[in-house]
Amino acid sequence: MAEVSLHKLNKKFDTTHVVKDVDLQIRDKEFMVFVGPSGCGKTTTLRMIAGLEAITTGEIRIDDRVVNEVPPMDRDIAMVFQNYALYPHMSVASNLAFGLKMRKFEKAEIEKRINNAAAILGIESLLQRKPRQLSGGQRQRVALGRAIVRDPKVFLFDEPLSNLDAKLRVQMRVELKKLHERLAVTSVYVTHDQVEAMTLGDRVVVMKDGLVQQVGEPLELYNTPANRFVAGFIGSPAMNFADVTLVENGGKPLAEAEGLRIGLPGELAARARAKAGQKATLGIRPEDIHIATAADAPEYCFEASVEVVEQLGSEILLDMRVGPALMVASVEPTLRVRAHDKLKLALKPERLHLFDAESEAAI
Amino acid sequence: MIEGALWRRWVFYNIPLILFVFVLLFPFYWMIVTTFRPDGELYLPWNAPNYMPFWTNNPTFEHILYLFEETNFARWMFNTMFIALVSTVISLFCGVLAGYALARLNFPYAGGLGTAIFITYLVPQTLLFIPLAEIIRNFQLGDTPWSLILTYPTFLIPFCTWLMMGYFKAIPKELEECARIDGASRWKAMVYIIIPVAVPGILSSGIIAFTLSWNEFIYALVFLSSPDQKTVPVGVTSELIRGDVFFWGPLMAGALLGSIPVAIVYSFFVEHYVAGLTGSVKG
Amino acid sequence: MAVTALSAAESKRLSPRLRKLEDERWLAMALLAPTAILLGLFIAYPFFEGVLLSLSSARVGDPGHFVGLKNFHKIWDDSIFRTTVWNTFWYTGVTTVFKLALGLWLAILLNRHFKGKAIIRAFILLPFIIPTVLSTFAWKWMFDPTFSVINWSLFQLGLITTRINWLGDPDLAMTSIIIINIWRGVPFFAITLLAGLQTISPELHEAAAIDGARPWARFWHVTWPLLMPVTLVVVLFSVIQTFADFQLVYVMTGGGPANATHLFATYAYQLGIGTGLLSEGAAISLAMFPFLFVIVVVQLLYIRRVETR
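Protein chains in written order, with the numbering used here: chain A, 1 to 363; chain B, 364 to 646; chain C, 647 to 955.
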C-alpha cells in the first residue's frame, strides 16, 4: 500500500510563498498529475515529496509515515528528472545498477532487475553504451529504467517528456501509460502540458500561483471546471471567454455583450438569476460551436465575422470576431469558408460555462 | 535539503568554512598587527607572562616611517609598479595577437606552435636564471628595469596566449563573417569587432599578468644589484636584514605595504581574476 | 573565344583564394612575430646557453672550456645534491596531496548558496595573490623560534612546555615550508576546482541521493570522476610550480638547516650565484628538466586518456 498524503503543505523561499496550503490524498497505485503554468509550485511540491526541498510547514506522509525529516534515500521513492540526470561517466548498465549497489543488493538480484527493466523498455542492446552515445528517447528510457529497477513505493516524474521532440513525446506518452498499467505503482507526475495531464492522469491537480485550483478526473476538469483558470487551461484550443452582463429579459436570464445575446439553459439559468445585473464571463469551447442550422434555437445563436481560416485537415479552426471579442470555433473540414465571410453560429447550450467576474469561480 | 538538518549544516559546512577562512587570512592579520606594534611589545619571548600578541594598545607608525626614511622603499614600489605595468602591457599585446592567430587563422604548423608556446610555460624561471643572467649582462641590461621588463613576458605571454585562445574560440565565427561581408578586412575585423568583444578576456589576462609580475622574485634577485633599482620583494629581503638581525617591525610594514597595491588592483577585478584562473584550467 | 573567357574567369577565381591564403599566412606570421622573438630570445636561447654552460667549466669571470658531462658526474656524487633531489620530490609530493585534498574540501564547502559567498571567495584568494616573498616573511615571523605566536598559542593551550624549534630542526623545517606551501596553494586549487564542481549539474547529485547514495558515496561515485579532467590539469600546473619553487625556501631557511630544505632551485642558486660556480649551478638547474619532462608527459597522457574515456 503506497498512499501519499499532503497535509496543509507550505513552502517559502525567503519571503516568496511558492506553495500555499496544499491538501491532497493520492491513492495507492494512482497516477496523479500536477499541471500548471511555470512558477505555479508544482515542481516545488514534487521536490518536497522527494525530499529535495525542505518543508516550511505542513506534513507529507508516504504510506501513513510522516516523512518530513526523512532524507530522500530513505523514502523508498524513485525519480525521473527532466534532464534525465544520467551519470555521464557510467555505462547504461552501471546507471541502472547504481541505486541497487548503494543499497547493497546482491549481484544476482541486480542482474535480474536490470535485465527485467531493460526488457520492458526495449533497451537490452544499449546496456554497455555511455549516455552521450544515446538519443534523447533512449536516454529517457534509461532514466525510466533506473526508476523501475528500484521497485519503489512511489514514482516521481519531473516533466520527463519536455525535452523530447513532438513526435517522440506522443510516442512516449503512450508507452508511459502502458508502463503504468503494467507496473501499477503510485505515481506523481509534473507537467506544464495539459495534453499529457489529460491522457496520463487518473486524477489531475491544476495549480496556479502556489494554490490548488482543482483536483479531479480529467473529464471532470474538462466538463465542470471549478474556475476560469482551469477552464482556460484544460482543452486545446482553449475555451473562448467573453465578458458579459447577466440580465433578465421577461423572466428569462440572458448573458449579454456587444454582438452577443445568449440564453442560459436550465440549472445555469437558475444560478444566473441570483446574480442578475452583475458582470460575468461566458465560456464556450471551440468544439462546442457549430454553424447554425434551422434546428438551433435562436437564443443560442450569434453572428460572427471570420478573420482567419486555419485548415488543419481534420477540422477547420475559425478565428472570428464577435462584437469586440475574438473567438475560435472548430468546424467540419468540408466547410467552404473564406476570410471576411459573415457567419451565423450556434452553440450547445449544455456546454455553456459562466464564471463570476471577480472571483472567477464557476457559477 | 539533501544537506540535512540545521545542526548538520553547521558542523559539516559552516564551521569548517570559518576555520579555512581564519587560517587563510590570519597571517595577514598578523602582518597588520606587527606593523603597528612598538618594538617594546614586539620582542617579547613566546612564553613571557602577560603577553597579548593579538592586539596592541599602543599603535605606532615608527616602523612605517623607518621603512620610508631608512630604505628606498618608495623607490622599490615605483620600480615594481613600473615593471609590472609595462610587462603586462607587452604581454597582453603579444598574447592577444598570438591568441587570435592560433584560435582563428588557418596556417601550417598552427598546432605545433600552440604546443610550443604551451611548453615554454612549463620551463620554469629557476631553470633559466643562470644562463639568462649571462645573457642579460651581455646585452648590458644588468641592473636596469629593462632586464625584467623584457624577461617577465617569457612567463606571462604563454599564459595570456593560452587564455585569449580560449576566449577567442568562444566568440562565434558569424560575428567576423558578418563584419567581412560588411566590408572589413581581416585585420580590421579583428581590431574593431573581435577584440572589443574579448575585453573581459583581456582584463582577466591583464590582472593575472599583473599579479604574477609582482610575485616574481628570482630574476629580480639575480639581475638587480643597486638598492635603488630593486623591486619590493627583493628590497625587503635584502635591505631589512643585517646579517642575522631581522628588523621585524619594518619587515612586516614592508610586507604589508608591498601587498596593498596588488590587493587593491585585485579587488577591482576579482571576477576577472577568477574567470581567468578557471579559464586557464578548462582550456 | 568561350574557352579563353572561361579560363580568364577561372584564374580570377584562383587568385583571390590564393591571395586570402597568403593573406592569412602573412597575417599569422605578423601576429606571432613579437611572441616568437621574445620567447625565442629569452627562453630558447638561454636554454641552449644553459646546456652549453652545464657542459663547460665556467666560473664567474672565467668562461671556462668544454668538459663534457663532468659537472653532471660531480653533482651525482654530491650527497647534498641527492638530498636535494629527495627533498624536492618529498616537498612536491606531500604538498600536492594536501593541497588537492584541502582545496577540494574547501571547493565543496563553497559550492552552495550562502550570504557573503562572493566576498569570502575574493578573500580566500589572497594567499595566492599576495607576493609570495611578503607573505612568507609573515610566516617566518610566526615561526621564529623565540617569538613565534604559534608557540605562544600552543603554550597557552597547555600543549607544549618547551619551544618548538620550527626552523632549526631539519624535520620541522621541512614541515614548516610544507605548511606554508599548502597554505599558499589551497586557494588556487579551491577556486579552480570550484569552477569544475559548478559544471556538474546538481540534478546528478539529487539523482544519486534518491538512488540511496550518502554524501561520501555521492562524492566518490559522481563528483570525483566528473571532476577528474579539471583536477589533472590543476595538479599539473601546481606540480611544475612546486617542483621549481625558490622564493619560499630562500626566505624561510635558505636551504638549511644542514641542507634539509634545499630544492633544486635553491641549491642551484647557492652554487651558481652564491659561490660563483656557474657551470655546476647550471647543471643542477638543468637536472630539473628530465624529471619535469617525465612528470608532464605522464600527466598529459593521463589527461588525454581521461578525456576520451
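A hint or two may mislead.
Chain A is nowhere near these chain C residues, computed Cβ spacing over 10 Å in every case [stated by the list, open to error]:
| no. | residue |
| --- | --- |
| 1 | L673 |
| 2 | Q916 |
| 3 | G920 |
Under 7 Å between C-beta atoms, here's a sample of chain B residues computed to sit facing chain C [claimed, not checked]:
| no. | residue |
| --- | --- |
| 4 | N420 |
| 5 | P516 |
| 6 | S622 |
Dumping the calculated DSS-like pairs for lysine-lysine here, alpha-carbon to alpha-carbon at most 27 Å [claimed, not checked]:
| no. | chain 1 | residue 1 | chain 2 | residue 2 |
| --- | --- | --- | --- | --- |
| 7 | A | K130 | A | K112 |
| 8 | A | K177 | A | K167 |
| 9 | C | K716 | A | K12 |
| 10 | B | K645 | A | K130 |
| 11 | C | K720 | B | K645 |
| 12 | C | K720 | A | K12 |
If you are wondering where the hints come from, they were derived from the structure by calculation, not from laboratory data. Beta carbons are placed, not taken as given, at the ideal position from N, Cα and C, and that holds for glycine.
In ascending order, which of the hints set out earlier in this document are inconsistent with the structure?
Hints 4, 9, 11, 12 not satisfied by this model.
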